[in-house]
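Novice: Here is what each chain is made of, one letter per residue.
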Amino acid sequence: MVNKPGREVVVAGVGLHPFGRFPEKTIQELARPAILEAFEDSGVKYKDIQAAYFGHVYYEGTTPGEVTLRDLGLTGIPIVNVENACSSGSTGLWLAFWAVASGMFDAVLAFGAEKVPRGPVTVTAEGSPERLIGSDFMMAAYALGARRYMSEFGAPREAFAQVSVKAHRNAAVNPYSHYKKVFTLEEVLNSRMIADPLTLYQCCPTSEGAAAAVVCAKEVAPKYVKDMKRVVTIAGAALRTTKYASGQSESSQYILAAKDAYEMAGLGPKDIDVVQVHDAATNGELEQIEYMGLVERGKAWRLTLDGETEIRGRLPVNTDGGLQGMGHPFGATGIRMIHELVTQLRTEAGVRQVKDAKIGLAECSGAGGVCTVFIVKK
Amino acid sequence: MSQVEPETRQRVPVASSRLKLIGDGTEGVLLGRKCKDCGEYYFGAPRFCLKCTSAQLEPVELSRTGTLDTYTIVHQAPPGWLGPVPYILGVVSLPEGPRVTAEIVDCPQEAVKVGIPLELTLRVGGKSKDGNEIVVYKWRARP
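Chains B and S supply the protein sequences, listed in that same order. Residue 186 in our numbering sits at position 183 of the first sequence, with consecutive numbering throughout. Residue 71 in our numbering sits at position 76 of the second sequence, with consecutive numbering throughout.
A portion of the hints provided could be inaccurate.
Not close to chain B: a few residues of chain S, all C-beta gaps over 10 Å, as computed [said to hold, decoys possible]:
1) Arg13
2) Asp32
3) Thr65
4) Glu114
5) Gly121
6) Arg135
7) Arg137
As a list, the in silico SDA-like pairs of lysine to any residue whose alpha-carbon atoms are at most 20 Å apart [as the list claims (entries may be wrong)]:
8) S:Lys31 to S:Cys47
9) S:Lys46 to B:Leu259
10) B:Lys246 to S:Pro41
11) S:Lys31 to B:Gln53
12) S:Lys46 to B:Lys229
13) S:Lys46 to B:Thr236
14) B:Lys221 to B:Asp51
15) S:Lys108 to B:Met153
16) S:Lys108 to B:Ser154
17) B:Lys7 to B:Lys221
18) S:Lys46 to B:Ala248
19) S:Lys122 to S:Gly34
20) S:Lys29 to S:Pro90
21) S:Lys46 to B:Thr29
22) B:Lys246 to S:Lys124
23) S:Lys124 to B:Lys361
24) B:Lys246 to B:Lys273
25) B:Lys246 to S:Pro8
26) B:Lys273 to B:Lys221
27) S:Lys46 to B:Lys7
28) S:Lys29 to B:Thr29
29) S:Lys46 to B:Lys273
30) B:Lys246 to S:Gly34
31) B:Lys361 to B:Thr236
32) B:Lys48 to B:Gln31
33) B:Lys229 to B:Gly372
34) B:Lys246 to B:Glu266
35) B:Lys361 to B:Ser254
36) S:Lys46 to B:Ile258
37) S:Lys31 to S:Pro8
38) B:Lys246 to S:Ala50
39) B:Lys246 to S:Val55
40) B:Lys246 to S:Ala40
Think of the hints as simulated: they come from the structure by calculation, not from any bench. No residue lacks a Cβ here, since even glycine has one placed at the ideal position from N, Cα and C.
Kindly produce the complete structure, drawing on both the sequences and the hints.
Specialist: Encoded structure:
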């Protein structure tokens, strides 16, 4: 399944619109500042961009990518709107990667933006059987996984809550985050119950925001990029969906995507210095770092309680606050993770800086059994 | 004086591919498919085998009992849920292999444990636009 990229691909620059609530702004007004920041960061100009990929989920009218970019100039480039649930942004980045790796284009733009409505996130249409059955609720689905994890591996609910404590501590010192409040373990555990064992402060906020990345072929990047020392190589890029396995919960996409990405990069879990994973609910973080092979199956909860996933721990995870603290504008999230890895690898993360971060991994998953994994290196 | 309306209300299954009602609709059976090529069982009616992609699937009736694989107690009801809150949502593994997610009823929260045996039961879970009662499959503790 792993194809070898034809040539080296780099992230030349990244940009973010802060995550939060911006009722006065349209999705275009969120996306454009992130895009312009990525152009400024890289030195690449819109007239150099040969294709663009826009990750988004909620309906904002047809061709929102074209509508967003129209104000920057009508340059005639192909623009693709990408919907792949919570991995929409990272799926766009995956397409951008292959467009450059294959030699089709030299410089492309991947961006994502979202205005997620408030309230519980559902995945089926109104009137579906799942609504009456009571199973169409993302956080209930996560809670079913959390309970299974507790019963299989003896994890206490404190381990899940600790993920939130750490995430909010990291988010509190990140100027782009939705939430800047620090919580104690007790406050997380005692917040309103959503779906047992997950309390409110263990379910990521629904947010608005945007993220962008300029992706170039390394061999031609000096033509566009102002400082080649700041580019970060995409060593592995994988996108997978569920592969059926009898009597198993649907989790194969994570393992398959991780395997693809490691294989392409020629790297393994032991090489990874800094990690971003999809912590839509706190138990997601524990399971994802296990599926990525970064910690043995069933052991992530102990690693977390021991503080090893903190910025100064052995395996720093979700250093920018993750979905828990940054918030989760679906289309933007996957690219936000790359933004944080690029920032870390450039040693520009300030108080959130992971020491000696040379290689990073970002895993972003989505409803429908989607998983993307990126491995980036200096 | 009130006029007696003729009884026109009917009971209909929440999804006819998953649940067949018997008699007056108070009893029913879970429906599935079995792949003739690889033998895999499914809940509901996929047109192709998810395991081997064969189109040779035959209709089967599934067991009415199973064991609890995992559960949660939902305190914030999602939109469209008409039942009580909080409610227990469970995933039950059937002997044939498929897992069926549904509400667990007639069971105190303290009694819910991973691994307990459960059996099928039916409840009215909503009303359709034409006034029919929608019957939803649920799980309850096995006596």
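Novice: For each hint, tell me whether it holds in the structure or not.
Specialist: Hints, verified against the model:
| no. | hint | verdict |
| --- | --- | --- |
| 1 | Arg13 | 7 Å, violated |
| 2 | Asp32 | 14 Å, holds |
| 3 | Thr65 | 4 Å, violated |
| 4 | Glu114 | 17 Å, holds |
| 5 | Gly121 | 5 Å, violated |
| 6 | Arg135 | 15 Å, holds |
| 7 | Arg137 | 19 Å, holds |
| 8 | S:Lys31 to S:Cys47 | 11 Å, holds |
| 9 | S:Lys46 to B:Leu259 | 16 Å, holds |
| 10 | B:Lys246 to S:Pro41 | 16 Å, holds |
| 11 | S:Lys31 to B:Gln53 | 50 Å, violated |
| 12 | S:Lys46 to B:Lys229 | 50 Å, violated |
| 13 | S:Lys46 to B:Thr236 | 37 Å, violated |
| 14 | B:Lys221 to B:Asp51 | 15 Å, holds |
| 15 | S:Lys108 to B:Met153 | 12 Å, holds |
| 16 | S:Lys108 to B:Ser154 | 9 Å, holds |
| 17 | B:Lys7 to B:Lys221 | 15 Å, holds |
| 18 | S:Lys46 to B:Ala248 | 7 Å, holds |
| 19 | S:Lys122 to S:Gly34 | 37 Å, violated |
| 20 | S:Lys29 to S:Pro90 | 13 Å, holds |
| 21 | S:Lys46 to B:Thr29 | 43 Å, violated |
| 22 | B:Lys246 to S:Lys124 | 37 Å, violated |
| 23 | S:Lys124 to B:Lys361 | 59 Å, violated |
| 24 | B:Lys246 to B:Lys273 | 26 Å, violated |
| 25 | B:Lys246 to S:Pro8 | 30 Å, violated |
| 26 | B:Lys273 to B:Lys221 | 26 Å, violated |
| 27 | S:Lys46 to B:Lys7 | 28 Å, violated |
| 28 | S:Lys29 to B:Thr29 | 49 Å, violated |
| 29 | S:Lys46 to B:Lys273 | 33 Å, violated |
| 30 | B:Lys246 to S:Gly34 | 17 Å, holds |
| 31 | B:Lys361 to B:Thr236 | 11 Å, holds |
| 32 | B:Lys48 to B:Gln31 | 18 Å, holds |
| 33 | B:Lys229 to B:Gly372 | 39 Å, violated |
| 34 | B:Lys246 to B:Glu266 | 19 Å, holds |
| 35 | B:Lys361 to B:Ser254 | 29 Å, violated |
| 36 | S:Lys46 to B:Ile258 | 18 Å, holds |
| 37 | S:Lys31 to S:Pro8 | 27 Å, violated |
| 38 | B:Lys246 to S:Ala50 | 18 Å, holds |
| 39 | B:Lys246 to S:Val55 | 24 Å, violated |
| 40 | B:Lys246 to S:Ala40 | 19 Å, holds |
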